[in-house]
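Since chain Z is already given, all that's left is putting chain D on it; use the hints.
Next come the chains, spelled out residue by residue.
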Amino acid sequence: MSSADALAVRWAGFDFGQCIMEPGGLRNPLVFGDIYKKLGRPELIADKMYRYRVLKEKYGSYGAIKEGHRDEIHSYVLDGDPAAIALFSEMEQAHLDTGAGLADALAYLKQQGIRLQVVSEMKKTLGPVGTDIVSRFLKRRGLVQFFPQLVTPQGKIDLVDETVDSRYIGFTKEEGTLYDVLAADLAEQGISPDEAVMIGDKPATDIDPAHERGFKTIQYTGFIDLGPSKADLRIESFAELKTILRGKGS
Amino acid sequence: MAAPAPESLSLSYPDGRTLTVAFSDLPGSLQADLLRQPFAASPSPHPANEAYVLLEWEDGWKEVARVDPGCTGVQRYYVISRTDEVGRLALTHESGYPFLLEVGRRPLGLSRITFGDTFRVSLRGSAREGRKTDHQYDLAREGDAVAELKTALREAEGDPEAVSVVAHWRQQDVVDFLATLAE
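Line by line, the protein sequences give chains Z and D. For the first sequence, my numbering gives the first residue as 1, with consecutive numbering after it. For the second sequence, my numbering gives the first residue as 1, with consecutive numbering after it.
Just chain Z, same shape as in the assembly:
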């Protein structure tokens, strides 16, 4: 695609899980290995991994455990040990990856004058706003310079001044209502939906509901390909954004 054919936009929204954040590095031997080596109990690693896998079979997936049964990770796997619980939270963050080519692409988009926001359902978030897994990830990786705000069903969270715009509270990506609020919010900034692009991996939450509301949409398949969607374009690497997108008016 030549620069003349590139989509001209003024705003870009990125999904978080399996998009900006890739959990591929979050391997049990690494997480539980680091936790119990740091605790001085390396002999327990195999047992803890086994128990975590048992929990996965009980609830179906690691995501399901983290979303709804975190207390059981603490009690059944980590024996209620406060030090192990704190390290689990730390290691979850430490071993997450970012999508290939992400930082370079974000620098390009920012240079193009495109406003960037994370648009996340934040299902796995816990604790006070700003200390959730998404916020901690962005802060730890130095990505707040690109994403000063998170658009979520818990509100639009400003990671710089730590304020929360409550207009978004209760609206979701899956129902599409979050994109309705987002479109109104962007309209106040003089941006129409066709000047905005949503990038994510999940057709049901990132692509189809946004597309139906007039947003441009790009399906990211670099970590997982969840099949057909209404996306305008598909990319395997964030590096492709440098040829697909340009700033409108730049």
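Derived from the structure by calculation, the hints contain no laboratory data. Predicted model, so just to flag it, every value in this text is computed and none were measured. It is possible that some hints are incorrect.
What the hints assert, rightly or not - As a list, the in silico DSBU-like pairs of lysine-lysine whose alpha-carbon atoms are at most 30 Å apart:
1. Z:K56 - D:K132
2. Z:K38 - Z:K66
3. Z:K56 - D:K62
4. Z:K56 - Z:K38
5. Z:K202 - Z:K58
6. Z:K58 - D:K132
7. Z:K202 - Z:K56
8. Z:K202 - Z:K242
9. Z:K110 - Z:K38
10. Z:K110 - Z:K139
11. Z:K38 - D:K150
12. Z:K56 - Z:K139
As the list claims (entries may be wrong) - A few chain Z residues that don't get close to chain D, going by computed Cβ distances all over 12 Å:
13. A6
14. A8
15. Q18
16. K58
17. E67
18. S89
19. H95
20. F137
21. R141
22. E188
23. D194
24. P228
Using N, Cα and C, we set each Cβ at its ideal position, and we do this for glycine too.
Chain D alone, transformed into the frame defined by chain Z:
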């Protein structure tokens, strides 16, 4: 009725020392491993009352495994297919048979190895054979990691946190290693 679990495990040394630990205090995976060893195996008093899983393969291979008597049914079966990276550090040994240490933690990210000398690890090249890729490394003498740790420990007035070394597989190794640094 399943066989009762052992009550304790004892280790006897040539000098007469004996270490005994309650069997239930051992990690569960170690309990299972010990009970699978031939010395610990004894005929079940009621074989027909035990629970068994029978596995059969397309090529005719069959395996049987006795499982916990509390198991009540098959929940699901699935396969995870992924590329696993395992580092293998071979140390020369006086027996002529190298000693192998597996490195499971981010093996491609290993930077230095110290055994006698300290070696900088740098990728020489990678060769793919079918589904397997071998990454070969050059080892170049560089620095003295033990001396660096000794200095850090001395400057921290003996605080082991200053050297941030954890055990690869046995916590006692860290304790003993720190003792050598402090000497």
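Here is how each hint holds up against the structure:
| no. | hint | verdict |
| --- | --- | --- |
| 1 | Z:K56 - D:K132 | holds (29 Å) |
| 2 | Z:K38 - Z:K66 | holds (22 Å) |
| 3 | Z:K56 - D:K62 | holds (27 Å) |
| 4 | Z:K56 - Z:K38 | holds (24 Å) |
| 5 | Z:K202 - Z:K58 | holds (25 Å) |
| 6 | Z:K58 - D:K132 | violated (33 Å) |
| 7 | Z:K202 - Z:K56 | holds (22 Å) |
| 8 | Z:K202 - Z:K242 | holds (22 Å) |
| 9 | Z:K110 - Z:K38 | violated (39 Å) |
| 10 | Z:K110 - Z:K139 | holds (17 Å) |
| 11 | Z:K38 - D:K150 | holds (20 Å) |
| 12 | Z:K56 - Z:K139 | holds (29 Å) |
| 13 | A6 | holds (35 Å) |
| 14 | A8 | holds (40 Å) |
| 15 | Q18 | holds (16 Å) |
| 16 | K58 | violated (9 Å) |
| 17 | E67 | holds (20 Å) |
| 18 | S89 | holds (18 Å) |
| 19 | H95 | violated (9 Å) |
| 20 | F137 | holds (19 Å) |
| 21 | R141 | holds (17 Å) |
| 22 | E188 | holds (46 Å) |
| 23 | D194 | holds (40 Å) |
| 24 | P228 | holds (24 Å) |
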